[in-house]
Amino acid sequence: MEFALSEEQRLLQGSVGRYLEEMSTLDAVRETAEAEAPLSREIWKGMAELGVAGVLVPEEHGGLGLGVLEAALIAEMTGRCTAPLPFVGTAVMAPIALVGAGSDAQKATWLPQLASGEIIAGVAVAEVIGAREGAGVRFANGCLTGSSLFVIDGPAADIFIVSDVNKALYLVDGKAKGLARKKLTMIDLTRPVSELVFEDVEAELLPEGGPEIVDAMIDAGRIMLAADTLGAGDMMLEKAVDYAKERKQFGRVIGSFQAVKHLCAEMAAELEPCRSLVWYAAYAQGATLQDAALPDGRLMACHAKAHLSEVGRFVARTATEVHGGMGFTDLLGLHYWFKRIGLDRQLLGGPERVREEAARLQGWAA
Amino acid sequence: MDLAYSAAYEDFRKSVRRFVDKNSSNQPRRPGAGRPSSDQRRWQQLLIENGFAARTIPAEYGGYGGEPDILKSRIIAEEFTRASLPLGLANQGISMFVPTLLELGTEEQKKKWIETTLKGETVWCQGYSEPGSGSDLASLQTKATEDGDDFIINGQKIWTSTAATADMMFCLVRTEPDAPKHQGISYLIFSMDTPGIEVRPLKTMTGYAEFNEVFFTDVRVPKSQIVGERGQGWMVANATLKHERGMLGDPNQAGTRLSAIIEMMQDETVSGERLIDNPLFRDRLLQLQARVFAMQFHGMRLLTASVKGEDPGIARLIVKLMGCELNHQLAALAIDALGELGVLYGNSPHLRASGYWQRAYMFDLGLIIGGGTAQIQKNIISERGLGMPREPKAAKKQGAA
Numbered sequence: 000m001e002f003a004l005s006e007e008q009r010l011l012q013g014s015v016g017r018y019l020e021e022m023s024t025l026d027a028v029r030e031t032a033e034a035e036a037p038l039s040r041e042i043w044k045g046m047a048e049l050g051v052a053g054v055l056v057p058e059e060h061g062g063l064g065l066g067v068l069e070a071a072l073i074a075e076m077t078g079r080c081t082a083p084l085p086f087v088g089t090a091v092m093a094p095i096a097l098v099g100a101g102s103d104a105q106k107a108t109w110l111p112q113l114a115s116g117e118i119i120a121g122v123a124v125a126e127v128i129g130a131r132e133g134a135g136v137r138f139a140n141g142c143l144t145g146s147s148l149f150v151i152d153g154p155a156a157d158i159f160i161v162s163d164v165n166k167a168l169y170l171v172d173g174k175a176k177g178l179a180r181k182k183l184t185m186i187d188l189t190r191p192v193s194e195l196v197f198e199d200v201e202a203e204l205l206p207e208g209g210p211e212i213v214d215a216m217i218d219a220g221r222i223m224l225a226a227d228t229l230g231a232g233d234m235m236l237e238k239a240v241d242y243a244k245e246r247k248q249f250g251r252v253i254g255s256f257q258a259v260k261h262l263c264a265e266m267a268a269e270l271e272p273c274r275s276l277v278w279y280a281a282y283a284q285g286a287t288l289q290d291a292a293l294p295d296g297r298l299m300a301c302h303a304k305a306h307l308s309e310v311g312r313f314v315a316r317t318a319t320e321v322h323g324g325m326g327f328t329d330l331l332g333l334h335y336w337f338k339r340i341g342l343d344r345q346l347l348g349g350p351e352r353v354r355e356e357a358a359r360l361q362g363w364a365a
Numbered sequence: 000m001d002l003a004y005s006a007a008y009e010d011f012r013k014s015v016r017r018f019v020d021k022n023s024s025n026q027p028r029r030p031g032a033g034r035p036s037s038d039q040r041r042w043q044q045l046l047i048e049n050g051f052a053a054r055t056i057p058a059e060y061g062g063y064g065g066e067p068d069i070l071k072s073r074i075i076a077e078e079f080t081r082a083s084l085p086l087g088l089a090n091q092g093i094s095m096f097v098p099t100l101l102e103l104g105t106e107e108q109k110k111k112w113i114e115t116t117l118k119g120e121t122v123w124c125q126g127y128s129e130p131g132s133g134s135d136l137a138s139l140q141t142k143a144t145e146d147g148d149d150f151i152i153n154g155q156k157i158w159t160s161t162a163a164t165a166d167m168m169f170c171l172v173r174t175e176p177d178a179p180k181h182q183g184i185s186y187l188i189f190s191m192d193t194p195g196i197e198v199r200p201l202k203t204m205t206g207y208a209e210f211n212e213v214f215f216t217d218v219r220v221p222k223s224q225i226v227g228e229r230g231q232g233w234m235v236a237n238a239t240l241k242h243e244r245g246m247l248g249d250p251n252q253a254g255t256r257l258s259a260i261i262e263m264m265q266d267e268t269v270s271g272e273r274l275i276d277n278p279l280f281r282d283r284l285l286q287l288q289a290r291v292f293a294m295q296f297h298g299m300r301l302l303t304a305s306v307k308g309e310d311p312g313i314a315r316l317i318v319k320l321m322g323c324e325l326n327h328q329l330a331a332l333a334i335d336a337l338g339e340l341g342v343l344y345g346n347s348p349h350l351r352a353s354g355y356w357q358r359a360y361m362f363d364l365g366l367i368i369g370g371g372t373a374q375i376q377k378n379i380i381s382e383r384g385l386g387m388p389r390e391p392k393a394a395k396k397q398g399a400a
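Listed in order, the protein sequences are those of chains U and G.
First residue of the first sequence? That's 0 in numbering that gives the first Met the number 0, and the numbers climb one at a time after it.
First residue of the second sequence? That's 0 in numbering that gives the first Met the number 0, and the numbers climb one at a time after it.
Looking at chain U on its own, in the form it has when it is part of the complex:
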């Protein structure tokens, strides 16, 4: 019985963290965000060299062949550094789709290119969770028709993995005829998403999997967003503590006022158990849980997403408040973390919706 990261997992997380701290600096983030460049290809290339882009891609296809827990540890670091990277779609949800539902030929074609960082994959599944404005994609006569909103990693994508309204998965070329792509500007400029409109767009079915593959993609995606929030929240807390130790008012550092330091203690107290929750939820994906007393991976993906959304919101606003007026400025850049947490909360289902799913999974709701 060991509830802890292995030495290899710590090393992996440490090396990704160090790389991102060096590359995804506030200046780099700001430059990417303000240039409205969809992402930093340079940093993504470096991440691919570390193996991160292929974390979930099997070794036979050029990846590291690791699990959702390792992916979550990386996601935590991307959140910590507000890294402008296509991690959740390209490195997590798309590989799960291809490995689970792709034919041998599809796997052999696309997985090595995902692992090497050569191509970026957008993921269109938002309508499976909740369709806004009548969006949704239907398949007929070899073609997709309809629309999909909030496509993860969409603006720079070379290919798309699309779920239709029946949870069948398709692969679509980013340059396919009849496909229109619009960038959606979100509060978080570090991970823009797209709207896709399909007018008889040629699409390849991923033939080997059923709806459970879409569920597995969404579960893993939710855990990545939770881990991203954990990393971003940790960083906001660290920044708040550092600021409170420096900033003086009334002749003393504000961190010596209990009104301020209790806010910091509350953030730490909320965040620490979150780390264990995210680890477990990620570990439970695909692990054979022998002990019946250990809770199910699907349920825990919901809980991790919903709970981190709530704690993330608390930390984002509280850490901003500890920074006083400075926290509210663009100059300090704290808002990149605030907005990152804000987007994490809503993507792939906000906490209220996700908790309803958790209720259904336990037979508590229809």
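I should point out that these hints are in silico values taken from the structure, not numbers from a laboratory.
What you are looking at is a predicted structure, and each value in this text was computed from that prediction instead of being measured.
Glycine residues also receive a C-beta, built at the ideal position from the N, C-alpha and C atoms.
Hints may contain errors.
[Claimed, not checked] Listed next, with one range per pair, are the computed distances between beta-carbon atoms:
1. S305(G) / E41(U): 38 to 46 Å
2. L293(U) / L364(G): 26 to 34 Å
3. G133(U) / R389(G): 53 to 61 Å
4. G133(U) / S5(G): 40 to 48 Å
5. G147(G) / R246(U): 57 to 65 Å
Place chain G on chain U using the hints.
Using the frame of chain U, we list chain G on its own:
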């Protein structure tokens, strides 16, 4: 991450399960904090003999004499909980005084007190808090003055649970009035039958007297009945407090409460609708379920850290604050979901769960305040965990004024 137990531990689990199965039918009522019944003492003796209680206490002091093995302790707890069997006695004498004596007592004290305490024959109460010394415990004023070979104690203690039934008290008194406050305290032990001790029950908001006040008037205690050196009582007490904070905020209690609430919300109906079918109550239930899971996994993480001998740092400091608050929130949900039924009390008709949720909701507030208030916990988390500066000393400010 590997949440399976190794084969050796699974074998150990089987042996625990055999004991549990064999004894599942004639166990005594779950012991409370007070004096154990003769059935409970017999059960305790059986548990010690089998290594399921007092497991790591040396056999020469009446324990089982096993090697410390946190995983085995956890397996024992899991299997007993699964079978709804009461674990061994967990009163203040066993959980706090015995570990303190093992660490800092003389050989004679260990021989004299540990075995009878483990067996439930000697019941202890803790004399720490005073009316004027709560969070600032080191300011305590109960004084012990020298008189030949004795100390004479005068003063008052409060929040003394089990004082009415206890045989003995471990008590902090001021023996060196001129020393700085942390260096003037001694840790004495004495019989509750000593002349000059008066115990008055302290009724709390729950309507029950879970605590007492204890008054000392010229109470004569031999100087030899001290644990540690004279003036070192604060250090001795901190050894004990460490054990107390480990007892509070246990995530397994939250898990048990959550299961009971889920069952209740599936059984109870209002206007024909099950409570769990109300989307607002269901959402609150799910929010708390996530927190219970998070605290349970957090507990497993801390457990692994202690097995490996690692310091979990800030992760350990948050347990009392978060665990006690979570228990309180769970009781609040149970009450709210039950509505008017949730505020029935005493022996009322229609009472649910013997009034457990109301009493727990109120008593939890005592636990949030006791053993270091939530605010003191936040000071500890921010100062020791996050390295934030302490409040400037009030005394300094007065000097400047």
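Provide an ascending list of the numbers of those earlier hints which the structure does not satisfy. Per hint list: single violation, 4.
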